[in-house]
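Peer 1: Chain by chain, the residues run as shown.
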Amino acid sequence: MPIPFTTQIINLLASVLLLIAFAMLSQRRILSLINLFAWQGLVLAVSTFVVAYSTAQHHLYYSAALTLLLKVLILPWLLHRLIRKLNVKWDVETLINIPATMLVGIALVIFAFNLAAPISQLSESITRGLIGIALASVLLSLLMMLTRRKAVPQVVGFLAMENGLFFAATSATHGMPLVVELGIALDVLVGTFIFGIFFFQLRETFDSLDITHMEKLRDD
Amino acid sequence: MIDMQLMALLLTPLLGGLLLALFGSRKWAAELNSLMSGGTFVASVALTVRVVESGPQVAFNEQFFIDQFNVFLVALTAFVAFTTSLFSRPYMRVEQDHGKLSTPRLHLYYSMYQMFTLSMLVALTTNNMGIIWVAMEAATLTTVLLVSLYRTPASLEAAWKYFILCGVGIALALFGTILLYFAAERVLGQGGTALLWTHLNQVKVDLEPTVLKLAFVFLLVGYGTKIGLVPLHSWLPDAHAEGPTPVSAVLSGLLLNVALCAVMRSKVLVDGSLGTHFAGNLMMGFGLLSVVVAALFLSRQKDIKRMFAYSSIEHMGLITFAFGMGGPVATFAGMLHMTMHSLTKSAIFFAVGHAAQKAGTQQMEDIRGMLQISPTVGWGLMLGTLAILGIPPFGVFASEFLLITTAMHDYPWTTPILLMALGIAFAAIFGKVQPIVFGETTASRLPHPPALIPVFTHLLLVLILGLYMPPYLANWYRQAAALLG
Amino acid sequence: MNALDILPLDVAGVVILLWLAFGLFGLALHRTPQLITRIIFPLGALGALALAGTGLWALDAAPDVAVLPLGLPDLPLHLRLDPLAAFFLILLGGASFGVSLFSAGYFRSMAGNTLGLLCLEYHVFLASMALVLLADDAYMFMVAWETMALSSYFLVTTDHHVPDIRKAGFLYLLVAHVGAIGILLSFGVIQGGHGIGAYTFAAMREAHLSAFWSSIAFLLALFGFGAKAGVLPLHVWLPEAHPAAPSPISALMSGVMLKTAIYGILRVTFDLLGTQLWWWGVLALALGLITAVFGVMFAAVQGDMKRLLAYSSIENIGLLLVGIGLTIIFHAYGKDALAALSLTAALYHSLNHAFFKSLLFIGTGSILHATGERNMGRLGGLIRKMPWAAALMLIGVLSISGLPPFNGFVSEWLLLQAFLLSPGLPNSYINMLIPVAAAVIALAAALAAYVMVKFYGIIFLGQHREKALEHAHDAGTWERTGLGWLALGCVALGLAPVFVIRQLDPVTQMLVGQGLGNSTSNWLFLAPVDVERASYSPVYFLLAVLGVMLVTLLAVRHFYHGRLRRGPAWDCGFPAQTARMQDTAEGFGQPIRRIFEPFFKIESELPSAFDTHPRYHGRSDDRIWFALYLPVKHITEKLSSWVSLLQHGRIHLYLTYTFATLLVLLAFV
Amino acid sequence: MMAMDQTLGILFQLCQSLLVVMLAPLLMGWVGQCRAWLQNRSGPGLLQPYRSLRKLFHKDAVLAHNASPLFRATPYILFGCMWLAAAIIPIIAVDLPFSPAADVIALVGVFALARVFISLAAMDIGTAFGSLGARREMLVSFLAEPALLMVFFTSSLISHSTQLPHIVDTFAHHEFVLYPSLAFAGLAFVIVLLAENARIPVDNPSTHLELTMVHEAMILEYSARHLALVEWASSLKLLAYISIGIALFLPHGIAEVGNWGALPLAIAALLTKLALAGAGLALLETFLAKMRIFRVPEFLGTAFLLAVLGLLIHFLLGA
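Residue numbers (the numbering used here), protein chains in the order written: chain A, 1 to 220; chain B, 1001 to 1485; chain C, 2001 to 2669; chain D, 3001 to 3319.
One should not assume that every hint holds.
List time: in silico PhoX-like cross-link candidates among lysine-lysine, alpha-carbon distance up to 25 angstroms [stated by the list, open to error]:
id: 1; chain 1: C; residue 1: 2601; chain 2: C; residue 2: 2167
id: 2; chain 1: B; residue 1: 1432; chain 2: C; residue 2: 2467
id: 3; chain 1: B; residue 1: 1432; chain 2: A; residue 2: 85
id: 4; chain 1: C; residue 1: 2167; chain 2: C; residue 2: 2467
id: 5; chain 1: B; residue 1: 1100; chain 2: B; residue 2: 1302
id: 6; chain 1: C; residue 1: 2167; chain 2: B; residue 2: 1302
id: 7; chain 1: C; residue 1: 2633; chain 2: B; residue 2: 1302
id: 8; chain 1: B; residue 1: 1027; chain 2: B; residue 2: 1100
id: 9; chain 1: B; residue 1: 1302; chain 2: A; residue 2: 216
id: 10; chain 1: B; residue 1: 1432; chain 2: C; residue 2: 2638
id: 11; chain 1: C; residue 1: 2467; chain 2: B; residue 2: 1302
id: 12; chain 1: C; residue 1: 2638; chain 2: C; residue 2: 2167
id: 13; chain 1: B; residue 1: 1432; chain 2: C; residue 2: 2633
id: 14; chain 1: A; residue 1: 216; chain 2: A; residue 2: 150
id: 15; chain 1: C; residue 1: 2385; chain 2: C; residue 2: 2467
id: 16; chain 1: C; residue 1: 2601; chain 2: C; residue 2: 2633
id: 17; chain 1: A; residue 1: 216; chain 2: B; residue 2: 1027
id: 18; chain 1: B; residue 1: 1432; chain 2: B; residue 2: 1302
id: 19; chain 1: C; residue 1: 2385; chain 2: A; residue 2: 216
id: 20; chain 1: A; residue 1: 150; chain 2: A; residue 2: 85
Here are some chain C residues pointing at chain D (derived, C-beta under 10 angstroms) [to be verified]:
id: 21; residue: 2369
id: 22; residue: 2370
id: 23; residue: 2436
id: 24; residue: 2462
id: 25; residue: 2563
id: 26; residue: 2569
id: 27; residue: 2624
id: 28; residue: 2627
Because the hints were derived from the structure by calculation, they are not lab data. A virtual CB, placed ideally from N, CA and C, is assigned to each residue, including glycine.
Isolated chain A, as found in the complex (with noise of 0.2 angstroms):
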């Protein structure tokens, strides 16, 4: 049987999206991983108005168009708007080099996919094979949060992350109902404004945004 086109195209933004996660594993500029971060969330969208396409539920429709406004627009906006208040333009500084980075990203991977492979065996429709490469890109990112040394990085990490859950919970299993969807949402949105008031609040303090300042609290 051939593979329908529409699977193919999700497909395709499925490799998209495990490409972009892997570029911003490897980027050293933080205008730059903004910017990827606002691809990623246009892959997202436009995957998810294809899922919405191929399967017909309208209410994904409203998942790619809130997608679209909230991870392309709104939140890009923001970071921008914030970096520029801030007035930060560094590179972004990592613990571990990139190149190993890279590595342990790749082994992640092999593993995600690994992992997720009894369970596309299960699935008979288009989403053969998404679960893996949504588990990956979220363990990518998550493994970008534990490299990264300033706060609006690892910030960016923690929402490509969500990124990859998204397009988990849209490409992968057709959507989940609409109210968790919105709420979602609304948490993000929350969250995002609460990360930018932290970010101003921790300037002030520490007079920088590099959290290595804060290991104050330990008991070693």
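Dock chains B, C and D against chain A, hints included.
Peer 2: Relative to chain A, chains B, C and D alone:
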């Protein structure tokens, strides 16, 4: 009818949050806060009576589901939230007098307090696994603001860690939820019902085990971060120590329970699907590790709230362990321990709050001789500490007794480990609390009298439950335990 | 309800409730302290007497069971009054009657707030001890047991402003708690089947355990109860806590509370566990011997009078454990008559120790009140200032030294008889071991006399070592009454052993299935096995000694003049005799320290001959503390510091934990 | 017959009681005299102890200002205890009606009672020497007492009784058996005897050198009739100890139950044995040198070990 009651329960804090968002700067905001919390408590009692009388209920188009298990947590949550609001009235006034908090901050505190209560109640009562996630996230967000209330470097650091770690955790839980949905959708079909717990519970046998296994791992790691299971606990001591004391009390006493409740909901499904003890084993492992590691952490603490935060990790470990063991007695013990821990730990935090205010510091070596300056606070702290350490006749001992005796029968090798950890915890905590209560004092009197009614109400309840459990309460617990299997 | 329907258990329950009520009244009356001392304490004493009477009544009655509508949902509180519990109730009531009377006088000058609280804790302490004895399920037992520990902890730390007392209290509660964990584990091993209902003692009696698990249960119980009793090496709290507590509390703790641990060992070993293995007895015997010698050795070198008594309590617990060990050995080999003999010795000694140790401890209370001094090196000559206390305490001293015709001798005599009857056991190693054990017992008993001569001589005899002692006053009326009651008990128990042993019969019947009949019908002669083998008649003995003394006195008075002159003590040619030339407490203990040097950790600083201000300083510490407790502490601290490395403060690390946990779990799914 | 036996027994008892109390100073005198002869001195004569007692009873008593009633009562208690001890040891007849009141363990108890009182009395005045003496006395005794008890145990185990009459009966009137365990016990007993009666090498009864005395240091403050009673009690104690030795190790010749006729023979045998023992004691004291106080524990420790060894040998050989 049930819809109305539920609405009363949820709308009261919502209304409270809105009102306090408007009037939070007024002088009587504290009283309003207590009033709304009291109202919530009354609503929860009404709901409890109803559920205990007529069994599990669904409401609002099946979006909400109340059974004996969560209604007990609802009642507990509303009660502790109410007493904490009573405690926070004098506490926050003193903080304001000391110039630690400005009026706008208090404003934020009161409205967030109500929103936090709301989000916990939603998380407890909802039937939708997705909404549980949303409510948990909301609870995280509100408490982040509460933890960072002082805006000191330390509190910001704590809040940041709390936010990031719990954010990541909760994101993982979302992935777990998605996987759950993925499995459910194949049985229940697409659409709204596939995340409803009641429906899932009916078809749990048919859910795909491999997916559910994976989902449970994500859910456990995700919500486990909120419970404070080692090694996901790192945020917990920071957040407890640096936030205002009433917040520490509700975090320890309530939020951790709510997260555990979410895990339990998932466990019921996973157990049904797998038919093995997989989930239980994981929970027991985490529980045991938490108990041991937290006990070892205790002896090195210098900050009193931080120390009791570790104690919370230890007790959540115990409860997780009990739920992990499963079976009617262990689950019963777990729920009893949840109740006892919430009541006792919040009472301790109340007393600790007053003591730290009187001494002007949270550093234990500078808090001395509480009995001399304020015998009631001193005795409250002393008795609370003894209670939480599992000394009879306090109720914590009753639940620990049930827990350990069951473990002795089912998993005998775990009991020496548990008891040794409890012994270490005893030495660590008691050795530090004793000089705080006894001896010559360094503290001073404060203009506002301490709110001791909450402290002693809690301790009295714990004492009574240790010696006598009313049959209806026992039955209620038993039914809830039966639900959880 | 018919008056005849009242059972002993009901009376005991009422007394316990009354005690709790008295405690609360005391707390409520804190504004009028004289009411507390004048009314509440004497009433509490009456309650104690009633309890002792109840115990006496219940000894011969059939076991009496009650289930209270309290406790855990599936495990309501069970109470049971059987002969074993009844015997210990007598002990509790008898000793605490005297102590409570004494307390009525002793606490008279205490501030109201403290007194009210103390009154509450005191009566809760008494009530919880009674409940420990009556408990018939594991939960009830543990609740009572820990309440007992807790209330006594608060009593110990009554004077919590002193850092050392806080330290002592902490150590005490910690060891008590660790012990309680052992007991709980032991119950867990013995449990009789699934479900929480298996934790009643009745169910435990029905449980059939393999030899391995019985042994585990026994060892755990020995550990748990040993921690409370002060069996080596779990004794460290005892010499710290007893001196720290107010004297009546020390009296209760030493005289009564330690016995609840003995009760626990007996209850678990002989009642709950169906079978006994001989090597348990050997273990208990060995531990008991070590404890006894250790205790008395350390008692000999103490300078603080209450510490000395505390170490002496360790010794006596050792003796009790020896008795129990012998009983186990005999019982395991089916020699129940001998088991009954050694068990009788142990029970008798418990009773004796309750009386004379309480007497001595409250006596130190009187001294403390009179002089404000616990250090024997600053006392001396008090017999002239406190004749009543001195006379009554002399009885205690003679009793505890195991001298005829007082009570300490009777139990020692019985114990030695048990040893002498031991040959003929099928195990030749035990046959060899037992004489050595008897030798050690003899050594401990002789050392005890040494210790007590030191105790009494340094405190009461000689010259006042400090000027301030000139103003010491004797014990008041209440105090004298309390002292008098306990002294009376010592004398009565010493003179009427046959009567006491007859009362002990139901207890030994219950535990080892055989009583210890007296082979002669003559109540004056104690002859546990056969009058040919051994007999002892304290009354005749006393009459003979008194008679001879009287004859001598009359003869001396009759035939010779009674002229008497008073003069200064002979100075051996020294220019001046001062009080400082007497032996100090430390000096008196010096030979023991030298002989048993390897057992002590000795620090001493001797002045050189050219020091202008020569000062001697020395202390003898417990090696066990350094060899066992400090390493445990260090290991825990080390572990703790390793674990603390986890909490490094870096959020990356924390995220890594989450990440790693997730990956590990996923990998293993 | 029963009543007859009982009367006879009481008569025996009275007889022995009077005999020991009268005989004790004589034994003291005999030992002193033997010692003098052995040391080539002429000696004060056998009756010197009686003369000393008489003199002391005539003197005015002097008491220190701060002497308490305990101090004054002690000589009587001491005397009472020692007399009782000496009276219940079967030396002339086996059947003493008072014997069942106190067996060997109680006998050890009687000695301990007396010792505790004299030590306490020594501390009563509060002089440097009094407490020194008390301390040393208790030191000696805490090692000697268990050894004595072990000696008793050995013989009790052989005879299956702790009743002295029964023990003596077993040894004296049953088939003659050699008990190797008793040899050890006997050796231990001699050491204990020396130590408990303040003899050389543990103590020297005839010295008042401050740094070495033990027993004499305790009774420094006593005078006149009190001192007389104390001295008399000491001689009773020596007699009692030697009697114990005789009863345990050389009981042959003692009168059997209700045997009137054997009584004169028994008394004669007793006197011979006492004389021999006294001479032996004097001989020992002459050959041995007084040892330093801290060598005493070793010396007595040896006794203790010997006694325990005796017990073990009894178990090993069954004899």
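Peer 1: All hints are to be evaluated individually against the structure, with a verdict given for each.
Peer 2: Right, here's what the structure says about each hint:
The hinted pair formed by residue 2601(C) and residue 2167(C) meets the criterion: a straight-line CA distance of about 21 angstroms does not exceed 25 angstroms. Proximity of residue 1432(B) to residue 2467(C) is assessed by CA-CA distance (about 41 angstroms); at most 25 angstroms being required, the pair is judged violated. This hinted pair does not check out: residue 1432(B) and residue 85(A) have alpha carbons roughly 47 angstroms apart, beyond 25 angstroms. In summary, the hint linking residue 2167(C) to residue 2467(C) is not supported, as the alpha carbons are separated by about 32 angstroms, beyond the 25 angstroms threshold.
A hinted pair counts as satisfied when its Cα atoms are at most 25 angstroms apart, and residue 1100(B) with residue 1302(B) qualifies at roughly 21 angstroms. For the hint linking residue 2167(C) to residue 1302(B), the alpha-carbon distance of about 19 angstroms falls within 25 angstroms, and the restraint holds. For the suggested pair residue 2633(C) and residue 1302(B), the alpha carbons sit about 18 angstroms apart, so the restraint of at most 25 angstroms is met. A threshold of 25 angstroms between alpha carbons decides the hint, and for residue 1027(B) with residue 1100(B) the separation of about 17 angstroms falls inside it, so the pair holds.
With a CA separation close to 14 angstroms, the supplied pair residue 1302(B) and residue 216(A) stays within the 25 angstroms bound. The straight-line distance between the Cα atoms of residue 1432(B) and residue 2638(C) is roughly 18 angstroms, inside the 25 angstroms bound, and the hint therefore holds. Between residue 2467(C) and residue 1302(B) the CA atoms are separated by roughly 47 angstroms; this puts the pair beyond 25 angstroms, and the hint is violated. At roughly 22 angstroms between alpha-carbon atoms, residue 2638(C) and residue 2167(C) fall within 25 angstroms of each other, so this suggested pair holds.
This hinted pair checks out: residue 1432(B) and residue 2633(C) have alpha carbons roughly 15 angstroms apart, not beyond 25 angstroms. A distance of roughly 16 angstroms separates the Cα atoms of residue 216(A) and residue 150(A); the hinted pair therefore holds under the 25 angstroms criterion. Using a Cα cut-off of 25 angstroms, the hinted pair residue 2385(C) and residue 2467(C) holds, with the two alpha carbons roughly 13 angstroms apart. With a C-alpha separation of about 19 angstroms, the suggested pair residue 2601(C) and residue 2633(C) falls inside the 25 angstroms cut-off, and the hint holds.
Straight-line distance between C-alpha atoms of residue 216(A) and residue 1027(B) comes to about 36 angstroms, which puts the hinted pair past the 25 angstroms bound. Under the criterion of a C-alpha separation no larger than 25 angstroms, the hint pairing residue 1432(B) with residue 1302(B) is consistent with the structure, at around 9 angstroms. Distance restraint check for residue 2385(C) and residue 216(A): the Cα-Cα separation of roughly 65 angstroms exceeds the 25 angstroms cut-off, and the hinted pair is therefore not satisfied. About 16 angstroms separates the Cα atoms of residue 150(A) and residue 85(A), which keeps this hinted pair within 25 angstroms; it holds.
Taking 10 angstroms as the C-beta contact cut-off toward chain D, the hint placing residue 2369(C) at the interface is violated, the least distance being around 21 angstroms. A least Cβ separation of about 16 angstroms between residue 2370(C) and chain D goes past the 10 angstroms threshold, and the interface hint is therefore violated. With a least beta-carbon distance of about 6 angstroms to chain D, the hint placing residue 2436(C) at the interface is held under the 10 angstroms criterion. Taking 10 angstroms as the C-beta contact cut-off toward chain D, the hint placing residue 2462(C) at the interface holds, the least distance being around 3 angstroms.
Look at residue 2563(C): its Cβ gets to within about 4 angstroms of chain D, closer than 10 angstroms, so that hint holds up. The interface hint given for residue 2569(C) is met, as the beta carbon of that residue sits about 4 angstroms from the closest beta carbon of chain D, less than 10 angstroms. Hint status for residue 2624(C): violated, given a least beta-carbon distance of 23 angstroms to chain D, over 10 angstroms. Contact between residue 2627(C) and chain D, as hinted, is not supported at the beta carbon level, the nearest pair being about 25 angstroms apart and thus beyond 10 angstroms.
When held up to the earlier numbered hints, the structure conflicts with 2, 3, 4, 11, 17, 19, 21, 22, 27 and 28 and fits the remainder.
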